[in-house]
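Enquirer: Below are the chains, spelled out letter by letter.
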Amino acid sequence: MTASSKGNRGFRLNGDAVLKSVVGAAAVGIIALLVGLGIELAYGSSLSLSTFGLSFVTGSTWAPIDNIYNALPFLVGTLVTSGIGLLLGLPLGLGIAIFLSERKGSRALVTAMGSLVELLAAVPSVIYGLWGLLVLVPFMRDYVEPTLKGTVGFLPIFSGTPLGTDLLTAGVILAIMIIPTISAVSRDVLNAVPNSQREAMYSLGATDWEVVRKAVLPYARSGIFGATILGLGRAVGETMAVTFVIGNSTNFPSSLLSPGYSLTSLIVNLLGTTTDPLADSALVEISLLLFLLALTINFLARGLVWRMTRGTKFRI
Amino acid sequence: MGTIMISGRSQSWRRNFDRLMKVLIGLSVVVAIVPLILVVGDVIVQGWSAINWNFLTQIAPSPCSAGDVSKFCSGGILNGIEGSFLMVGLAALVAVPVGIGAGIYFSEWPESRISFISSFTNDVLAEFPTITIGVFIYEIVVVSTRTYSALAGAAALAIVMVPIVARTTEESLKLVPTTLREASMALGIPRWKTIFRVVISTGKAGLATGILLAIARAAGETAPLVVTALYSSYPPTLHSVVPGGPTASVPYIIYNFGTSGYPNWVTTAWGAALVLVTFMLVLNLAVKFFIGRKFAGVRAEI
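Here the protein sequences line up with chains B and C, keeping their order. Just so we're aligned, residue 1372 is where the first sequence starts under the numbering used here, counting upward by one. Just so we're aligned, residue 297 is where the second sequence starts under the numbering used here, counting upward by one.
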C-alpha cells in the first residue's frame, strides 16, 4: 500500500487484498458487535433467568425487599405508551405524508415542510423529555385529563387522580416524537408509487381523495405498514422522553392516568443504583427483552418496506 | 359511466367528500406540526433567558431554592460542554475509521455475503434502542473497571455513531458513477488506488456529511451516558478517561437538572437545551451545505 509498491505487479495485487481485508474487518466487526451485544446481555441476565424463569414476564411484582423482580408492569408500560403513541401518531404522520406526496403545484411549501419535519426528527429525545415535563405535563394535568375525567371518566382506563406524570402523557410525547419518523418514511413510500397508478385512477374520473384512497394507499400498503412498525420500534426503544414524564412507579399501572415505568425508563433510572446482584441481573434481562423486541420489530419493518420499495434507491 | 364504477355515490357527494378529506388532511398537518414547533419555540424562549457568556465558561451551579442569591446559585454548563466534546471526540476517533471502512466494503464489494449480512446488521444497529447499548457497555466496561468513566461513555457513543457513518459512506460512494471507476481501472490503476484516489475523493462530501450527522446524533444521546458516564460537577481531566471517573455531558445536565425541581437548575437545563439545539441546527445546516456541493459535483461529472 506504500508508494514503493508502485510498478510491482505482485505488490499491487497485495494492495487490493490488504484494503479488502482491512475494510472487511470493519464490516465483520459490525456483525460481531450485534452478536456480542446479544451474548453479553444473555450472560448478564443468567442469574435472573435461572431465579425467575418464565415468571419474569408473567409476574407483576417488583419488590427489592423480598428479592422479587418481575417485568410485567414495565412490559405493559412500554406496550401501552407505544400503543397510544402509534394510535395518535399514525393518522397524523400519514396525513403529513399524503400532504407532502400528493400535493402537486406548491413545491416550495412541500420542500420547506419536508425539511422542517426532517430537522425535527433530529432533535434529541432529551429535549422532548424536558419540554414534556415542564410544558406538556402541567397542560395534561390541568386541562386534558380533567376534561377526560369529566366526559369519559366512568371508563376504568381513566380512573385515578390526574397527576400529569402518567402513561397517557408518556404516550402523547411518544406520538409527537414518532410523527416525523412515520411521515418521512411514509412520504418516501408514497413517492415510490408509480404515477401510472394515479393516472389510471384519474382517467376513470376519480377525485383526488379517491385516487389516494383507492389507488395510492392500497399500492403502498405494505410500505406504510413497515413505516408504522418502524415508528413502533422507535417508541418501544425511546428512553429519555418517557423517563421524564411517565411518573416512575414500579407498581402495576391501574389506568392510563396512573404513574408507571417503561422497560427503558426502569433501566435508565435503576441500573447502577442497586446493590443486589439479582436486581442488576433482572435489569440486564429487561435489556435482553428490549433487545429481542427491537430485533423482531426491525426485521418486520425492514422486510415490509424492502418488499415495497425494491428496485428504488430508497431505504430506511 | 366511469364515475359510477368508482363509487355508487352522486357527483356532488363525491366532490364534497373530497373537500372534507382535504380539510382533514390539512388539519392533521397543522395538529402534528404545532407541538413540534412549540417544543423548539419553548426551548428558544426559555433557554434564551438562561444564556449569557458565563453560561458557557462556568461550571454548573449548586442547587438553590427560589429567592436564594448566593453566588453558588449561578453558573453554567462548562463541565457538560467539555465532557461532551471529550466523549464525542473520543468516540469519533474510533467510529469514523470503522464506519468509513465498513461503508467502503458495502459499496465496493456489495456481492460478498459478509457485505449483505453486515449491511443488514448495520441498518438494525442504527435503529437499536440506545439504552441496550448503554447496558452492554455498563456490563463490560463500568462493572469491570468499577467506575463510570469518559471512556465508557465514549465507547457507547462510538457504537451509536458507527452505523450512521457506515450507511452514509456506502450511499455516497454508490453515487460515484461506475464509469469513473472503469476509466481509472482501464488506465491500469489498481483497485485499491482507484478507491482512494477516484471513488473516495469524488464522494468525500458525502463522507463528511455522515461524520457530521453521526456527531450530531452522538452529542444528543443521553440514555447510554446515564449508565456509563454519569455526572461530575467539574470539567473532565485525563483522569476521567484513564483510570476513569464520572464525566458530565450537556444532555445529562438537561436530564438531571430538568427533573430536579430546583428553579436555578431547571433554568440551567433550558439553557443547556438551547445550546444543544443550536449545535444540532448548525451541524444540520453544514450537512445541507455539503449535500448541495455533492450534487453539484455529480452534475459536473456527468
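Just so you know, the hints here were simulated from the structure itself, not pulled from any lab data. Hints may be right or wrong, so weigh each one.
Straight-line Cα separation of at most 25 angstroms, SDA-like style, residue types lysine to any residue; simulated pairs [said to hold, decoys possible]:
1. Lys-1585/B x Lys-470/C
2. Lys-367/C x Trp-349/C
3. Lys-584/C x Leu-389/C
4. Lys-318/C x Leu-1487/B
5. Lys-489/C x Lys-1585/B
6. Lys-318/C x Ala-1483/B
7. Lys-584/C x Leu-1490/B
8. Lys-584/C x Lys-489/C
9. Lys-318/C x Asn-1562/B
10. Lys-584/C x Ala-422/C
11. Lys-1585/B x Arg-1678/B
12. Lys-318/C x Ser-1625/B
13. Lys-318/C x Pro-1533/B
14. Lys-1520/B x Arg-1678/B
15. Lys-318/C x Lys-1520/B
16. Lys-367/C x Leu-386/C
17. Lys-1585/B x Leu-323/C
18. Lys-1391/B x Lys-470/C
19. Lys-470/C x Trp-1580/B
20. Lys-1391/B x Phe-412/C
21. Lys-318/C x Tyr-1573/B
22. Lys-318/C x Asn-1566/B
23. Lys-1585/B x Arg-311/C
24. Lys-584/C x Asn-1566/B
Enquirer: Is the Cα-Cα distance between Lys-584/C and Lys-489/C 25 angstroms or less?
Expert: violated (29 angstroms)
Enquirer: Decide if the proposed pair is consistent with the structure: Lys-1585/B and Arg-311/C, CA atoms, cutoff 25 angstroms inclusive.
Expert: holds (15 angstroms)
Enquirer: Can the restraint linking Lys-584/C and Ala-422/C be considered satisfied, given a maximum Cα separation of 25 angstroms?
Expert: The given pair, whose Cα atoms are some 21 angstroms apart, holds under the 25 angstroms limit.
Enquirer: Taken at face value, is the distance from the CA of Ser-1625/B to the CA of Lys-318/C at most 25 angstroms?
Expert: violated (39 angstroms)
Enquirer: Is the Cα-Cα distance between Lys-318/C and Tyr-1573/B 25 angstroms or less?
Expert: Satisfied, since the Cα-Cα distance of roughly 17 angstroms is no more than 25 angstroms.
Enquirer: Between Lys-318/C and Ala-1483/B, does the CA-CA distance stay at or below 25 angstroms?
Expert: holds (20 angstroms)
Enquirer: So if I understand the rule, the pair passes when the alpha-carbon distance is 25 angstroms or less; does Lys-318/C with Asn-1566/B pass?
Expert: At roughly 20 angstroms apart (the allowed maximum being 25 angstroms), Asn-1566/B and Lys-318/C satisfy the hint.
Enquirer: Is the Cα-Cα distance between Lys-1585/B and Arg-1678/B 25 angstroms or less?
Expert: holds (20 angstroms)
Enquirer: Within 25 angstroms, alpha carbon to alpha carbon, are Lys-1585/B and Leu-323/C?
Expert: holds (21 angstroms)
Enquirer: Are the Cα atoms of Lys-367/C and Trp-349/C separated by 25 angstroms or less?
Expert: Status holds; Cα separation ~16 angstroms.
Enquirer: Hinted pair, alpha-carbon criterion (25 angstroms max): Lys-1391/B, Phe-412/C. Please report holds or violated.
Expert: Since the Cα atoms of Lys-1391/B and Phe-412/C sit roughly 15 angstroms apart, the hinted pair holds (cutoff 25 angstroms).
Enquirer: Within a Cα-Cα threshold of 25 angstroms, do Lys-318/C and Leu-1487/B meet the stated pairing?
Expert: holds (21 angstroms)
Hints 1, 5, 8, 12, 13, 14, 15, 16, 19, 24 from the earlier list are contradicted by this structure; the remaining hints agree with it.
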